[in-house]
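*Asks:* Residue numbers (the numbering used here), protein chains in the order written: chain A, 1 to 696; chain B, 1 to 129.
If you're looking for bench data, these hints aren't it; they were derived computationally from the structure.
Remember, predicted model here, so these are calculated numbers, not experimental data.
Take the hints with a grain of salt, since some may be wrong.
What the hints assert, rightly or not - Each computed DMTMM-like pair below joins lysine to aspartate or glutamate, with the alpha-carbon atoms no more than 25 Å apart:
(1) A:Lys-82 x A:Glu-393
(2) A:Lys-496 x A:Glu-692
(3) A:Lys-219 x B:Glu-56
(4) A:Lys-156 x B:Glu-28
(5) A:Lys-121 x A:Asp-389
(6) B:Lys-43 x A:Asp-30
(7) A:Lys-480 x A:Glu-690
(8) A:Lys-566 x A:Glu-195
(9) A:Lys-484 x A:Glu-497
(10) A:Lys-156 x B:Asp-58
(11) A:Lys-10 x A:Asp-30
(12) A:Lys-604 x A:Glu-538
(13) A:Lys-411 x A:Asp-30
(14) B:Lys-43 x A:Glu-397
(15) A:Lys-566 x A:Glu-581
(16) A:Lys-173 x B:Glu-56
(17) A:Lys-442 x A:Glu-408
(18) A:Lys-484 x A:Glu-397
(19) A:Lys-442 x A:Asp-430
(20) A:Lys-122 x A:Glu-11
(21) A:Lys-173 x B:Glu-9
(22) A:Lys-411 x A:Glu-475
(23) A:Lys-444 x A:Glu-397
(24) A:Lys-173 x B:Asp-32
(25) A:Lys-496 x A:Glu-693
(26) A:Lys-156 x B:Asp-50
(27) A:Lys-604 x A:Glu-616
Claimed, not checked - Here are a few chain B residues that face chain A, going by a calculated C-beta distance under 10 Å:
(28) Leu-2
(29) Leu-5
(30) Glu-9
(31) Ala-12
(32) Leu-41
(33) Lys-43
(34) Ala-72
(35) Gln-76
(36) Val-80
(37) Ala-87
(38) Val-88
(39) Phe-98
(40) Asn-99
Glycine included, C-beta positions come from ideal geometry on N, C-alpha and C.
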Amino acid sequence: MIDIHRAAFKEEAYETLGLLESALLELEDDPGNRELIGTVFRYMHTIKGSGAMFGFDDIASFTHQVETVFDLVRSGQIAVTKELINLTLRSRDQIRNMLDNSESGESVDRSEADDITNSFKKLLPEPERKDTLPAAAGKVTQQEAARSRAYFIRFKPYPELFISGTNPVRLFKELATLGNVTITAQTTDFPTLEEINPELCFTSWDILLVSSCDLDAVKDVFMFVEDGSDLVIRTIDDEEDGKPQPNLGEILLQRGDITTEVFEKFLAEKKKIGEQLAEAGLVPVNVIESALAEQHQLKQLRKERSSAEQQSNIRVPAERLDHLVNLVGEQVTVQARLGQLAQTLKMPELTLIAEEVARLTADLRDSTLNIRMLPIGATFSKFRRLVRDLSTELGKEIEMTTAGEETELDKTVIEKLNDPLVHMIRNCCDHAIGTPDVRAAKGKPRQGTIHLAAVHSGDSVYISITDDGGGLNKEVLLAKAVEKGLVQPGAEPTEKEIFALIFAPGFSTAKTVTSVSGRGVGMDVVRRSIEDLRGSVEIRSECGRGTTITVRIPLTLAIIESLLVKIGADHYMFPLSLVDECMFLTKEHKERAHGRQMVSVRDKIIPYIHLREMFEVNGTPPLLEQLVITTIDGNRIGFVVDNILGQHQTVIKTLGIAYKNVEGVSGATILGNGSVALILDVPKLYHAAEMEEMAA
Amino acid sequence: MLNILFTQEDHAAPSSGILHLQGSATLEFCTDLRMALLDALEKAENLMVDVSQVTELDVAVLQLFCAARRSAIRRQRNMVLADNCSAVFFSAVQDAGFNRTHTANCWLEAGQACLWGNCGEPTGREVAS
Chain A
1 MIDIHRAAFK
11 EEAYETLGLL
21 ESALLELEDD
31 PGNRELIGTV
41 FRYMHTIKGS
51 GAMFGFDDIA
61 SFTHQVETVF
71 DLVRSGQIAV
81 TKELINLTLR
91 SRDQIRNMLD
101 NSESGESVDR
111 SEADDITNSF
121 KKLLPEPERK
131 DTLPAAAGKV
141 TQQEAARSRA
151 YFIRFKPYPE
161 LFISGTNPVR
171 LFKELATLGN
181 VTITAQTTDF
191 PTLEEINPEL
201 CFTSWDILLV
211 SSCDLDAVKD
221 VFMFVEDGSD
231 LVIRTIDDEE
241 DGKPQPNLGE
251 ILLQRGDITT
261 EVFEKFLAEK
271 KKIGEQLAEA
281 GLVPVNVIES
291 ALAEQHQLKQ
301 LRKERSSAEQ
311 QSNIRVPAER
321 LDHLVNLVGE
331 QVTVQARLGQ
341 LAQTLKMPEL
351 TLIAEEVARL
361 TADLRDSTLN
371 IRMLPIGATF
381 SKFRRLVRDL
391 STELGKEIEM
401 TTAGEETELD
411 KTVIEKLNDP
421 LVHMIRNCCD
431 HAIGTPDVRA
441 AKGKPRQGTI
451 HLAAVHSGDS
461 VYISITDDGG
471 GLNKEVLLAK
481 AVEKGLVQPG
491 AEPTEKEIFA
501 LIFAPGFSTA
511 KTVTSVSGRG
521 VGMDVVRRSI
531 EDLRGSVEIR
541 SECGRGTTIT
551 VRIPLTLAII
561 ESLLVKIGAD
571 HYMFPLSLVD
581 ECMFLTKEHK
591 ERAHGRQMVS
601 VRDKIIPYIH
611 LREMFEVNGT
621 PPLLEQLVIT
631 TIDGNRIGFV
641 VDNILGQHQT
651 VIKTLGIAYK
661 NVEGVSGATI
671 LGNGSVALIL
681 DVPKLYHAAE
691 MEEMAA
Chain B
1 MLNILFTQED
11 HAAPSSGILH
21 LQGSATLEFC
31 TDLRMALLDA
41 LEKAENLMVD
51 VSQVTELDVA
61 VLQLFCAARR
71 SAIRRQRNMV
81 LADNCSAVFF
91 SAVQDAGFNR
101 THTANCWLEA
111 GQACLWGNCG
121 EPTGREVAS
């Protein structure tokens, strides 16, 4: 059970670290934002608190140091500077490393942690620079007492508190770090020994806390047990609205006029605090009533919200989802067979059932694939950090803007997209955007911009990276390509073809090689990984104005719409997203072309590839062949097949290791009749044919 | 591990017994402890629980002691904690706020002593330091 909790903690901690990073980067842009400072503090606090609870002591103690600094930031004693953000980001990475290594048991480099801690110390105001960082909010000191407040906390945990691995005493100890606490256990609800389930929690607590920290800090302590528990936290002075002595009880306590017992007894007799105050003539009755009503409302609201949250989210391991997707895939195949059978047998009852199954299967497929969809925003915010670090490293000023963070993509696709995007953004930072001085000399703002946008269209998502840098210089590219022998001298490639050259292996125009990029390995890898996702890349650029790289990615990897065709006795699939149109290839068409593989469609010449010849299929082609016209890298290319059978919903199966290196085929699927159809890798077929032609 | 041992004086009237606890009195062993307490209450009219050998104590067990005390009163029997409580026990009681329970929150009647010695008459030993 403990392991499950530890795993859950880790998962949540990784998430929190991600959020922390975004918050820090936002804070850097808006250093005065108190709300953000509070958010950062709370994230640190979350990691520290839950870390300690699940036995990640090193993480807890390290995070505690950072939290302490942010507590001072929160109280305005330290200003938010670039240095502070840098250090905090480093701390965040350190915590991440500690988390990564927590399972393997390897110890993390302590020197980095010590270095961070020492650097933090230098940021502290003079009197705070002691050997160790001060406690987040230690015992109430004389100065602090002046602005400290008294909190009344009623905590009635949910019955399964112990079973969930929470020890309430740890919470109280954490509270004790905030100030002076007085804890009273409420034993009213205890059953007898005969009735008690010893694993459930029947105790509730009334706690009095005198502390200088704010309400949020108190609430944070209960963050993990709040759901399902009855928790009331209120400042006692709030109830004494407008009175000259707002901290009456606390002041009396501080002076020693009353003992803690008396004060706390005064509180513990519920209903009574307001009533007694009213009786003593301290507060009018209606003020108390309204305060109580407000409290009731808040409690109700929180209850509703927490139950809504409980309903809206559930954590499921990814492999279970993968399994579900696989099952649905099988189901789609079986459903196709059922449909075919119903058609052959022509039994009305069976047809009815088959149609019903088809409808349900389609719904099931859509909802299952939807579960795997994640917004791309999390990936985008990672890139903010990347751009920030790179611009510091390269001495540039680069701002990253984003749009369409809510665009959803399949989880696997997002993961595989990460590396190519990182590479392209690195390139943007390194090559495209110049140093501030260079930019200023060209009449551009000193700060460069990289805009990352995602948009959903049809069955694809388009992700574009736009920079306002130097743009691609066609002449330089072409000259380099000729030099490398990628283009014949004297050839006149189109703009698109020239831009596509940067994806060629070993192509780099950068004069210097930096640690960031410029080695010419990369852009070809980028293109290959995107093609592996059945996507494509396109470049638009204006010299001196900037470049936009657009990546098109299909929504999901598991199921595609495809066009089913036949060559000889075999079936093949074209991904439907690539197909523009279909037409008959008549004898006249062929004669008009004089033996070349070209066809004129609406006065445009389209080259075609004869798949029967390419695949060396025996037998004679039918008299009337068909032409599938596709668009690849902006070029229209035809593929000649024997017969077009129609649209088909295809569950993609991998071919297995033996066929991994077969070019031109990206996978296979099982048809309704149980036979196998190959899914054509259309861009690869085109490139292969191109290479062959160039060789000839 | 929690070792539970019940010893009883022969032929004493009223019957009395001591439940010795040794080790970790925590959630894990609550079910066993509950059974042992029920059994002991059955056998002894005057039950004393000896927690001096307890090395660890959590809220679940404190609750259980309270519940046992209530059952004892229901059955018109007596249940007390032995005088020789360890520092571990005291701090556990204190940390969980059980040294501050109130008569107002407890259904004990006047004259019936709270197990923790906070309200009514003390049971003969001071829990709160």
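*Asks:* Is the interface hint for Leu-5 (chain B) satisfied, with its Cβ closer than 10 Å to some Cβ of chain A?
*Replies:* 19 Å, violated
*Asks:* Hold the hint about Val-80 (chain B) up to the distance rule: shortest CB distance to chain A must be less than 10 Å.
*Replies:* 15 Å, violated
*Asks:* Under 10 Å, Cβ to Cβ, is where Leu-2 (chain B) needs to be relative to chain A, so tell me if that hint holds or is violated.
*Replies:* 12 Å, violated
*Asks:* Take a quick look at whether Lys-219 (chain A) and Glu-56 (chain B) sit within 25 Å of each other, Cα to Cα.
*Replies:* Status violated; Cα separation ~28 Å.
*Asks:* Does the structure keep Lys-156 (chain A) and Asp-50 (chain B) at a Cα separation of 25 Å or less?
*Replies:* Judged against 25 Å, a Cα distance of about 30 Å means the pair is violated.
*Asks:* Holds or violated: is there a CB of chain A closer than 10 Å to the CB of Gln-76 (chain B)?
*Replies:* 13 Å, violated
*Asks:* For Lys-496 (chain A) and Glu-693 (chain A), compute the direct alpha-carbon distance and say whether it is at most 25 Å.
*Replies:* 20 Å, holds
*Asks:* Holds or violated: Lys-442 (chain A) with Asp-430 (chain A), Cα cutoff 25 Å?
*Replies:* Roughly 17 Å separates the two Cα atoms, so the pair holds.
*Asks:* Are Lys-173 (chain A) and Asp-32 (chain B) close enough, with their CA atoms no more than 25 Å apart?
*Replies:* 28 Å, violated
*Asks:* Take the C-alpha atoms of Lys-156 (chain A) and Asp-58 (chain B), compute the straight-line distance between them, and say whether it is at most 25 Å.
*Replies:* Holds: Lys-156 (chain A) and Asp-58 (chain B) sit about 17 Å apart, inside 25 Å.
*Asks:* Check the hint pairing Lys-496 (chain A) with Glu-692 (chain A) against an upper bound of 25 Å on the C-alpha distance.
*Replies:* 21 Å, holds
*Asks:* Is Lys-43 (chain B) close enough to Glu-397 (chain A), meaning Cα to Cα at most 25 Å?
*Replies:* Distance of about 82 Å is beyond 25 Å: violated.
The earlier numbered hints that this structure contradicts are 3, 6, 8, 11, 13, 14, 17, 18, 20, 21, 22, 24, 26, 27, 28, 29, 30, 31, 33, 35, 36, 37 and 38.
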